[in-house]
Structures are given as C-alpha cells and as structure tokens.
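Counting from 1, one number per residue, gives the positions in the sequence shown under the numbering used here.
If you are wondering where the hints come from, they were derived from the structure by calculation, not from laboratory data. There are no misleading hints in this set.
Below, computed lysine-lysine pairings styled on PhoX-like, alpha-carbon distance capped at 25 Å:
1. K237 with K132
2. K126 with K219
3. K267 with K102
4. K237 with K284
5. K126 with K237
6. K132 with K167
7. K170 with K132
8. K237 with K219
9. K219 with K132
Label pairs and their in silico Cβ distance ranges:
10. E37 with R163: 41 to 47 Å
11. D208 with S56: 38 to 44 Å
12. A165 with K219: 28 to 34 Å
Backbone N, C-alpha and C define an ideal beta-carbon position, used for all residues, glycine too.
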Amino acid sequence: MGVAKFLIPSAGRTAAAVIGDPVLHSLSPTIYNAAFEHDQVNWSYSAVNITGEQVSDALEEMRQSEVGGLSVTMPHKEIVANLVDETTRHAERLGAVNCVSKNGSTLVGHNTDGEGFIKAIEAETKERTEGKSYLVIGAGGAAKAVTLALGEAGASEVIVSSRNASKSRKAASLAGQVGRSGSLSEAEGVDVIINATPIGMRGAGNEDQLPLPVEAMHKGQIIVDLIYHPLQTEFLKNASRIGARTMNGIGMLIHQAALQYTLWTNKEAPLDVMQDAVIQQISK
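Whole structure, please, built from the sequences with the hints as guidance.
Laid out in structure tokens, this is it:
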C-alpha cells in the first residue's frame, strides 16, 4: 500500500502527514493545518496509519511524489532512522527519527524532540537551561531526547531514573559527563524534575497515580510533565499545591512541531496559532 494516494488531496497541493500505528488519535493534523491555513501555505496534513512493513513503501512514495514532509510517531521512529538517506546528528545519536524532510530526492531524518523541549522550557520559565540540575523520570524515547538536549544545553547535572537500571544508564550517557543514572530519592536536590513516563496520562489507566511522591518535591522547584492530555495531571496539580512552578507537555509538543514546520516550508512557524488550535482540540 502506498501512502501518496492517501496524502494528496488535490493537484497542486503539497501533502504532509504523520505516520504511525495507531495514529488516528494524533493532534498533529490540528496543529499543522492551523499553521498552513494561517500562513496561507498550500499544504495539507493528515494522519495515516501504516504498519512497520509498509514504512519503506511510504518513504519511497514520499521520494517520488508531492509529499513534502512526514512526521513519525510510535512505533516507527527507529525503523525510519534506518531507512532514510541521511540523518541529522540528534537523530543519529538517538537512533530515532520524528521528522522526514526532502532535499530533491534525498530523504533526511531529523529528531526535533530535544530541541523542542529546550525551546519550550526556556520560553515558559524565562530562564536558561544552562547551569541547572535535572531529574528525568523515565528512560524511553522522550526521556532520551530530553537528556541529550539538556547535556548539550549546559545542564550542570542530568540524573535519569527509571525502573530499568540498564536503560537509565544508557539514557544518562547521552548527556555526556553531566549525565548519570540515579534514583527518585534524589529529587529534592535538583532544580528541575521532568516526568517522561506515561504515568498520569488520560486513557493509560493510571490517571490518579504520581511518578514521584509529593513529599519529594518542594516549593520553588520547576516540575515538568511531558504529558499534555490532560493539560493538568495529578502530578502537576500536587506540585502547584506545594508552591512549585509547573509546566505541561504542550510547549514541547508545539515547539518540536514548529521546528518540523520550518524544515518543510522554510517559514517561521506561527506558534500561538498552533498552540491555540491544540488546546482547543484537547479541551473539547
């Protein structure tokens, strides 16, 4: 099955899409179509569910057709990283691609998650990442992207804690000399705590659970939850009650998408438009 027949709505219009399995729940069409409409860009974006066996065909369709960009979500990020013609430095180090752009017939794989996170947290806190200490809870794809970016952005320490010590060590190594695996008991001593697990996500069956006990947090810390549905998880609600500063996952979602938008269109993304569209969709 080729992707192009699903992506090109009309002649003369450039198509883009998110591919994954499952993917029909994705907020990406809402985000990008709002941006295309605002900027009067003649592109259209959709969500296309494909299996792992169909990824190679999808990329070939992109190479040969008017498909201008692809976003990649689970479980295809690693597969795509091995199939594109080139990968950027972040995508290569993470072994995962969340965005594919096209340079002629050459497909380039990017990973915008980490840079998107840094842009988001610096925009929301009005502070630099440099010199701060971080505890990252989780060692999956999002945790690794954030850990790599924090190391490059000048964090003083990046501690990674997950239920799998081996995965924690591997993720922490991405931060270089400032990265190490650790435990949740170290939470009190860091400047920023980041939940990069699904604990508290709507639909995951654990909305009322916390990735970290309330007693481990304190007033003045920055508490980040990469989850954006719900906008305020129990983790963030509890953090707010004790006087911590909080941030949900909307900022990272929008900023990583904005980077993709610019890679495809060479235009600066309309961040406010994209954010308003996704918040409106989530709030329905």
